[in-house]
Amino acid sequence: MRLFEFLRDNKGEIQERWVNLVLDSYSEDAAAIFKREQDRFANPVGYSTRHTLNTLYSLLFDHDTPQLDQLRPALEDFIKIRAVQTFTPASAVAFVYDLKGVIRKAVGRDRAVEADFADWEQLYDTLDTVALQVFDLYMACRERLYKTQLHEFKSMNHMLTQHGCPAAGLADDTTKLMADVHPLNIHSKEAR
Amino acid sequence: MADTKAAEMKLKVVREPSLMTGAVPTHNWWDVEAIFKPGNYCYPAKKSIAEYHGKNLPGLFGEPRDWEVESDDWKLPENWKEIIINGIKERLDKFRSLRIFMDCCVRCGACADKCHFFLGTGDPKNMPVLRAELFRSVYRNDFTLAGKILGEIAGARPMTFKVLKEWFMYFYQCTECRRCSVFCPYGIDTAEVTMMGRELLHLVGVNTNWILEPAANSNRTGNHLGLQPHTFKENAEFLLDDIEEATGVRLQNLNFNRKGAEVLFVIPSADVFADPGIFTFMGYILLFEHIGLDYTISTYSSEGGNFGLFTNNQLMKKLNGKMYAEAKRLGVKWILGGECGHMWRVVHQYMGTMNGPPDFLETPRSPITGTVFENAASTKMVHISEFTADLIKNNRLKIDKSRNDHRVVTYHDSCNTARGMGLMEEPRYILNSVCNNYYEMPENTIREKTFCCGSGTGLNTGEIMDLRMRAGLPRANAVKYVAERHGVNMLSCVCAIDRATLLTLNTYWNPEVAVCGVSELVGNALIMEGEKKRETDLRAEPLAGMEG
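Chains Y and S, in that order, give the protein sequences. First residue of the first sequence? That's 1 in our numbering, and the numbers climb one at a time after it. First residue of the second sequence? That's 1 in our numbering, and the numbers climb one at a time after it.
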């Protein structure tokens, strides 16, 4: 059996191992819950991880050539989550590389697989391409986060959320601040 | 090999304390230190602000000082441990509920996966049971026989600086939303454990500026921004121009501090200056004009939101007392409350016993429909959604639902109104009456099981934006579902903090979904006497069919 045939035939088992490995990047207690709970609203992280990785696997291996053009929409929501959690950038995107190890071990367990250098090179090249796209997505999410912060500040809601904190800087005299912004900034059509 | 590198990177994450929480899952939970880094804590209060509170409520806010959260020297008083332990003793004696909550948890785990902070962070110390355990372990050590004799074996540990740091980290990763309590078979209110934890932290001067400064402003001028009466009034009056532009009607009844009015109307102050709260305010005053309500707004009790709730019961009582004081001064018959969150938690759960009974007020009776709000017989205060729903039920409003046809609406149950006062049907009744396109979010994310916005109880500050996005994930996830399934483009709510924080949450997670108050949609739909042909809504955005 050739490598990519093996990946299609053993899809379920490899996906399960991969999902579990990625969920193990959370604390032990959290990983147990994220793996167990199936409701997508009661367990958004677990659901998104499972759903996204399964979809990604299908895009890569269900067809003769990987469907790389569909990666971005499939991955975006999941990367958004990883991008605001406590992972370093490298560990946020490391899930792609995890699949290499999972596949290598699965192949090692099955003596019927015939995988030559070209097969491995093709697989690793594909996953490296995915990793690069994932890193772009990760950076886009971080930029969106900074824009979100800026938007909150500019939309006057920083008055609700940052007033008086050092980051506000200018807000020591609130009455003066309100005089500065009132009435044009908050009520003018141009400001909307 | 590449996969080895991935494994190494992950070990780095697991073996080293995480950036956000310091949690290292391979150890016993209390061996894991809380490590503060930029982005995972709120800034401490300015010395001047702590001094201000110390003067008003001596002894409750610790020694005013400049201190840094990331430092190992928080400049605590020498006897800080004694202050904390005495503080626990005082509260155990004073609040029977606290002693029960300390004793009766059997650690069944029903609450463990119900907290939005846990679901978003995966940090076990954000499991409500474990967050409360941070407190219980100290309680056992000093106040139970088993803890005194058996120590760690009985789950007891002494108060140390390490514990204090944990308290500061995790009692400020709880929005006191009470979702966990819904699932607790014993009804333990973990939010009240957090409240007690924060009270104790304040006793030794461990605090956050975003809570104490708004609380100081509320105490001094009546609202959290410290707006003086004339500014508050001018801001509100400025909105009359926008209303006239949208409807062609110049409202005549907006007034302030008018003695002898029938009703005192109290709002969250954000409704007079912040987008999108200002549109909610326009909805309120359009409604009052529509029915000819005899109301007034106080520029001294100009903040519904009670920032004292996030500090201690004494400051909460003091700030809440302003509403009754103004009701008495102005000689009104009863109080109507706007779309505010924490105000209603305080009103429903604490006001009656803290500052009541307000015998100088009458049990609220709608002057339009004659309905007597017996549910408000104790506090004399009615929610704007109760009041509006009653008007609609009695057919007293002229409504054109099609004016909200450009909106596909869902409703976020604010924690404080849904779980804190049981307000679940009225907003939905209103929304179904003023909108043609209304869809519910999934059942386990609404009503009493609603997910918090992730930024309540003074956590809505910019320096912890990543944390807020994580905590708001469960709510945003449900919004995304209805946005994709039904094309929802408007998330309505009845809380000012929600209106601010859900907007930010959606900017990251669901940028296509806007946020509004329920009363804004009422204002859009009201057919006003003498109005012009309506082409735009209150946001000056074109109505359906008027886009050209």
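Fair warning: there could be bad hints in the mix.
As the list claims (entries may be wrong) - Lysine to any residue pairs mimicking SDA-like chemistry, simulated, CA-CA at most 20 Å apart: (1) S:K480 - Y:T55; (2) S:K480 - Y:K154; (3) Y:K154 - S:K94; (4) S:K398 - S:G422; (5) S:K37 - Y:D77; (6) S:K533 - Y:Y146; (7) S:K94 - S:E78; (8) S:K533 - S:G545; (9) S:K233 - S:L287; (10) S:K393 - S:L431.
The set of hints was computed from the structure by calculation and includes no laboratory data. It should be emphasised that the depicted structure is a prediction, and the values quoted were computed from it without experimental measurement.
Each hint tested on the structure:
{"no.": "1", "hint": "S:K480 - Y:T55", "verdict": "holds (19 Å)"}
{"no.": "2", "hint": "S:K480 - Y:K154", "verdict": "violated (25 Å)"}
{"no.": "3", "hint": "Y:K154 - S:K94", "verdict": "violated (45 Å)"}
{"no.": "4", "hint": "S:K398 - S:G422", "verdict": "violated (28 Å)"}
{"no.": "5", "hint": "S:K37 - Y:D77", "verdict": "violated (26 Å)"}
{"no.": "6", "hint": "S:K533 - Y:Y146", "verdict": "violated (41 Å)"}
{"no.": "7", "hint": "S:K94 - S:E78", "verdict": "violated (26 Å)"}
{"no.": "8", "hint": "S:K533 - S:G545", "verdict": "holds (13 Å)"}
{"no.": "9", "hint": "S:K233 - S:L287", "verdict": "holds (19 Å)"}
{"no.": "10", "hint": "S:K393 - S:L431", "verdict": "holds (13 Å)"}
Checked against the numbered hints above, the structure breaks hints 2, 3, 4, 5, 6, 7 and satisfies the rest.
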